[in-house]
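Visitor: Those protein sequence lines, which keep their order, are chains A and B.
Following our numbering, the numbering of the first sequence begins with 543 at its first residue and continues without gaps.
Following our numbering, the numbering of the second sequence begins with 429 at its first residue and continues without gaps.
Calculated from the structure, these hints are not laboratory results.
Certain hints may be false.
Once the Cα atoms are required to be at most 27 Å apart in a straight line, the calculated DSS-like pairs of lysine-lysine come out as [said to hold, decoys possible]:
1. A:611 - B:442
2. B:442 - A:584
3. A:641 - A:599
4. A:621 - A:641
Predicted, not measured: the structure shown is a model, and the values here were computed from it.
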Amino acid sequence: EDQVTQSPEALRLQEGESSSLNCSYTVSGLRGLFWYRQDPGKGPEFLFTLYSAGEEKEKERLKATLTKKESFLHITAPKPEDSATYLCAVQAANFGNEKLTFGTGTRLTIIP
Amino acid sequence: NAGVTQTPKFQVLKTGQSMTLQCAQDMNHEYMSWYRQDPGMGLWLIHYSVGAGITDQGEVPNGYNVSRSTTEDFPLRLLSAAPSQTSVYFCASSVGQFSGNTIYFGEGSWLTVV
Chain A
543 EDQVTQSPEA
553 LRLQEGESSS
563 LNCSYTVSGL
573 RGLFWYRQDP
583 GKGPEFLFTL
593 YSAGEEKEKE
603 RLKATLTKKE
613 SFLHITAPKP
623 EDSATYLCAV
633 QAANFGNEKL
643 TFGTGTRLTI
653 IP
Chain B
429 NAGVTQTPKF
439 QVLKTGQSMT
449 LQCAQDMNHE
459 YMSWYRQDPG
469 MGLWLIHYSV
479 GAGITDQGEV
489 PNGYNVSRST
499 TEDFPLRLLS
509 AAPSQTSVYF
519 CASSVGQFSG
529 NTIYFGEGSW
539 LTVV
């Protein structure tokens, strides 16, 4: 059974204090790993897709990396507007979007 | 540029009542799906559709029905509401089932069953 575990559950950082969020996964062959951002009262917003170990993608202050067992979302010099819940999801090989397994998210708070 | 539009935003139902959550997308996406998200939990797939006239069950389909008569619309029907169906419901769409995998989500429908 595919599984996604995100840690920590919640993280409070001072503005400018860099850190990383972790997404550990087990899946029967990985088609893709996804990162989403979710603001309170809103739907998830797509950030990145990673397909193979060693891959990295960047967007502003965020960088996502992937190994064979986990993914990290690195946040460099965060700002208060980066506060949100970050969700990780995996998609198994031989399946499409009907087979996404989501983690429970990391709630990130950036203190000014 | 509306994207994925869900209505209503908030709804309170009594146990046993039925209702329909509406979902429409204007991106001509073939793939649409419904998820539920309970507090502090991830998202669970309820039903999905790979095109007009085609629907299939996800992980938690019991108590819900869907139909897909057009590409744009994918309503979710609660047949006989139960308190366990209190949740936030998200509709989502993507270009295809095996596309670049960018799934676009609506803003959610908050449902409380009392």
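Visitor: Decide, hint by hint, whether the structure agrees.
Guide: Quick rundown of the hints versus the structure:
no.: 1; hint: A:611 - B:442; result: 44 Å, violated
no.: 2; hint: B:442 - A:584; result: 25 Å, holds
no.: 3; hint: A:641 - A:599; result: 23 Å, holds
no.: 4; hint: A:621 - A:641; result: 34 Å, violated
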